[in-house]
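A.B. asks: Using the hints, put the two standalone chains together into the complex.
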Amino acid sequence: MLNRETLVNLILAALLLAVPLMANAFGQPFYVTLATRVAILALAATGLNLALGLGGLVSFGHAAFFGIGGYAAGILATHAFSGDPLLLGLSGTNQMPLIWLVAMLVAGLVGLLIGLISLRTSGVYFIMITLAFAQMVYYFAISWPAYGGEDGLSILVRNQFPGANTMKPVSFFLICYAVLIVALGLFVLIRGSRFGSALQAARQNEVRVATVGIAPYRIRLTAFAISAALTGLAGALFADLNRFVSPSMLSWHMSGELIVLIILGGTGRLFGPLAGAALFVIFEYVLGGLTERWQFFLGLILLGTVLFARGGLLGLLAGKARHG
Amino acid sequence: MAEPVLELSDIVKSFGALRATDHVSLDLKPGEIHALIGPNGAGKSTLIHQICGTLRQDSGTIRLAGKDIGHLGVAERSRLGLGRTFQVSSLTPDFSALRNVMLAVQAQQGSSFRFFKPVMRDASLIDRSMAMLERVGLQDRARIPAAELSHGERRQLEIAIALALSSKAFLLDEPMAGMGPEGSKALTGFLHSLRQEAPILLVEHDMDAVFALADRISVLVYGRVIATGTVEEIRRDPAVRTAYLGDHA
Ligand SMILES: Nc1ncnc2c1ncn2[C@@H]1O[C@H](COP(=O)(O)OP(=O)(O)OP(=O)(O)O)[C@@H](O)[C@H]1O
Ligand SMILES: [Mg+2]
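Protein chains in written order, with numbering that gives the first Met the number 0: chain X, 0 to 323; chain U, 0 to 248.
Chain U extracted, bound-state conformation (with noise of 0.2 angstroms):
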């Protein structure tokens, strides 16, 4: 069996005493997308900030491609290949979308430390956050500063982003939310192609976007997992049922 790109085991965090990760072990394999669902407070995004670096555990270990990253910092995790999305949009708001792209393509070529050569004539930055707004399909908003974006633009903006690390691994954090049916369908088949690239940790409460696209699921309610499994096992786990699904199984 292929070793994992990213592997949590035993994760806990609390935020005073409400325990929000509670003893979480889950790991993402090469190629595979796996969905983290689970109600809203379930802890899904809290455990994407501690894997990012955002938050820090109280106590368990993260490794990506091996390496025990869970006492680094934010940039120096992106740096080994985490590339995340954000559930709510985190750009910078007066930069165009281009120049938000930038930023991820300078950071991912070595160095933030060149202080005479203009950006906006840099042709080795521009041509390839071009080509990662046109995967997204944002090319035709390239100039538009982020803050006049719309709300599933942001989105797929985040994405190109995350696209432009050349990531080991995406956490991919709520994308479909606020796309509407059309932009999900367009994502979903987007995702879909993107676990070549690198595998996916997905959460997401769009259940036909999980279903159609999921290797396997697990599920977190009160910051524990309480299953893990193929799209068919969770759909007939009568504990998943009760705890989340409800009707849409």
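Looking at chain X on its own, in the form it has when it is part of the complex (with noise of 0.2 angstroms):
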């Protein structure tokens, strides 16, 4: 029994897939390098979408996670790469999986205690609040000089990952598009289970959810918690792609490029922001080629999906979101 949205996700990821194997076998890295952009986006999207789309959370800093995901990657590979310790004696790796599950685990951290504070407010208040916090990592990348500061930092070697040549484009893309897939695969899991029923449900109506007995903050934190995991692990791999770190992957600028990704793609839906993640490369790419301005006309599609159709693209492909 395959629904319509199914369908359309099927494609999606389809597509996702064999536009950059296509690309590869014509000898064209430019666009499997936009494909792994698209794959990298959408999941530093899909860890927004958990906290936006399932809980109603409209983080305005989630740049942070990105960057430290960053960072945690840029300076793992800086100490491996000059063996100097890192701290306590530890050393850097250039290993991908550690370096995904430490950008997961600071990031994870950093989520834990920005939203431990910022979950006490709502609305615009949250909005504010969390925009404050990723400022203020914005601040502390800029101003520390030990990683580069304002200049950022390099990765000289991209990280390696066992049994790949990361070196490769496509190599790397499929690291990507795997880890994007699996990411994607646990959002299912998380938003059919009990913690995801109240996670909705808290969006939908805190009152309700405190009166059946739950208590919607700790659902919000702990689901914080993870969409800022999911969005660090981006951001490591991201780092990875461009080969360089920077303060840039920090601001405010980042943080609304992911809100935008996941209302043009369809907000809460499973492959919207791998949605909105193509059609926002896509634009920077076409768009950006004739004009300087591009982010002029994004802002009239962005008004006009907001005005006109408000599920996203997934809402005009797949119709209405269901809930069961």
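Honestly, the hints are just simulated from the structure, not real lab data.
All values reported here derive from a predicted model rather than from experimental measurement.
Each hint should be verified, as a subset may be incorrect.
[As the list claims (entries may be wrong)] Below, in silico cross-link-like pairs of lysine to any residue (SDA-like), each with a Cα-Cα straight-line distance of 20 angstroms or less:
| # | chain 1 | residue 1 | chain 2 | residue 2 |
| --- | --- | --- | --- | --- |
| 1 | X | Lys319 | U | His191 |
| 2 | X | Lys319 | U | Pro144 |
| 3 | U | Lys167 | U | Pro144 |
| 4 | U | Lys116 | X | Thr221 |
| 5 | U | Lys28 | U | Thr227 |
| 6 | X | Lys167 | X | Val178 |
| 7 | U | Lys116 | X | Gly184 |
| 8 | U | Lys116 | X | Leu183 |
| 9 | X | Lys167 | X | Phe243 |
| 10 | U | Lys184 | U | Val230 |
| 11 | U | Lys116 | X | Arg321 |
| 12 | U | Lys167 | U | Glu31 |
| 13 | U | Lys116 | X | Gly26 |
| 14 | X | Lys319 | U | Ile143 |
| 15 | U | Lys66 | U | Arg78 |
| 16 | X | Lys319 | U | Arg78 |
| 17 | U | Lys116 | X | Val187 |
| 18 | U | Lys66 | U | Pro92 |
| 19 | U | Lys28 | U | Gln195 |
| 20 | U | Lys116 | X | His322 |
| 21 | U | Lys116 | X | Ile180 |
| 22 | X | Lys167 | X | Gly26 |
C.D. replies: So this is what it looks like as structure tokens:
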């Protein structure tokens, strides 16, 4: 039994896989890199989608987690390269699985701390306080000379993954794609679980959730930390894609971009982030090639989406979301 | 005499200059239906809110089964056994009727920190939730989103949710409102049997239902309890007649 949304999702997943494989076959690595960018942004937005889409938590600070993941990768790689111990005598590493683990742990932990305070507020206050925390992280990175400060930090050689040559664009794409698919699988599980039920219910009616005996705060806090960890993972991959980390990954533009991706693709929808990221990267590439002011046109498209297609691209393609 | 299940002593609550609850004391005994009646704006819903924790009293104590719950959060009080319905339905609108009840069942079973097993394949949740929907007669509407249910059906759904919590006390804020005569009659019969499960504090304007169901009635006017007694006592009370009942009595 295949419903329309599942079909749309499968097509999107197949397209994201097929396009770079074909581009690679035709010797066009540039498009492979574009597709990798889509996969990573989709992963970052999938993290945010957990908090924003399922939980209704409009975080305007997810760049903090994206950047923290990026810096985790950059810093670990720098120490692995130089051989200087990192802290407590621990050395760096250039192994992606370990880097991902650290990125997720640190981002998740910072998410927990930020959430602990931010989640006591709601609405506009929540938006503002998450933004404020992210800006604190941003200014901290800028003013911390050990890891490049304002100039950022280069990763000289892309980090490694057992059994793959990560310097080959298509190999690195496949790694990112696989991570994205795993994250989407996790999203499906969480969404359908008891935890996901409570989280979605808290978005719809907080008082109702408390009235049946579930404290919304703890549910949201947990969701926020998981969300941060996933976005942090995406940050680590993004650093490896560019082989460069800079404070711009932490800036509020990045936070805004992630929200835009979700709205374009379809808030709360499993494949909303992927659809949104694909649209965004295509706009950036196509419109960006035509005019410097491509973001103006992106703004128009966003406005159109909000006014006329509230469900985003997924809403247009697959209809209204269903909750069972 | 049996220990009261729920006991309010000397509750006071003001909204600015307005004293919405004025030194209210009342209790709910095992097996009884205690009706709380009074004119619009008397402070009935405000009192229910304070019992459940959605509003905090300025002073006074609230005990549930002997335990002071007046300082606890909404979720904690619910877990200790308060099952309520709202005057204006409060449901999760995108979820089906079934999933609305399932949320209560999962809360009642203990943990919501389970991340992987799909709820829609969890027989322990679905079976019990369907049983609750059947009790209120909503089984045929189980898959309909709460937002698409009729007004009366939403009231029934709220009761099904309260049932799922295995409450020690029910607090029902105008469950008959908007039900229509047929619905009210059916619900009256249902509440009559529900008291065996747990006592009910019933806020209701439908006097036929109140007189048919209540073991005791308290009359609230301008935040104050002006009388408490049996149906007969309240009907005869001259102060109550002027303040509220008028020609109902
Ligand atoms: N949050 C609030 N802030 C300020 N005033 C409030 C608030 N909630 C209720 N009130 C006021 O308190 C008084 C009691 O209101 P409440 O809703 O408890 O009355 P009620 O007895 O339930 O009335 P009804 O029969 O119409 O439901 C009213 O005057 C109302 O306007
Ligand atoms: Mg009321």
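A.B. asks: Tell me, which hint numbers fail for this structure?
C.D. replies: Hints 1, 3, 13, 16 and 18 are the ones this structure does not satisfy, whereas the remaining hints hold.
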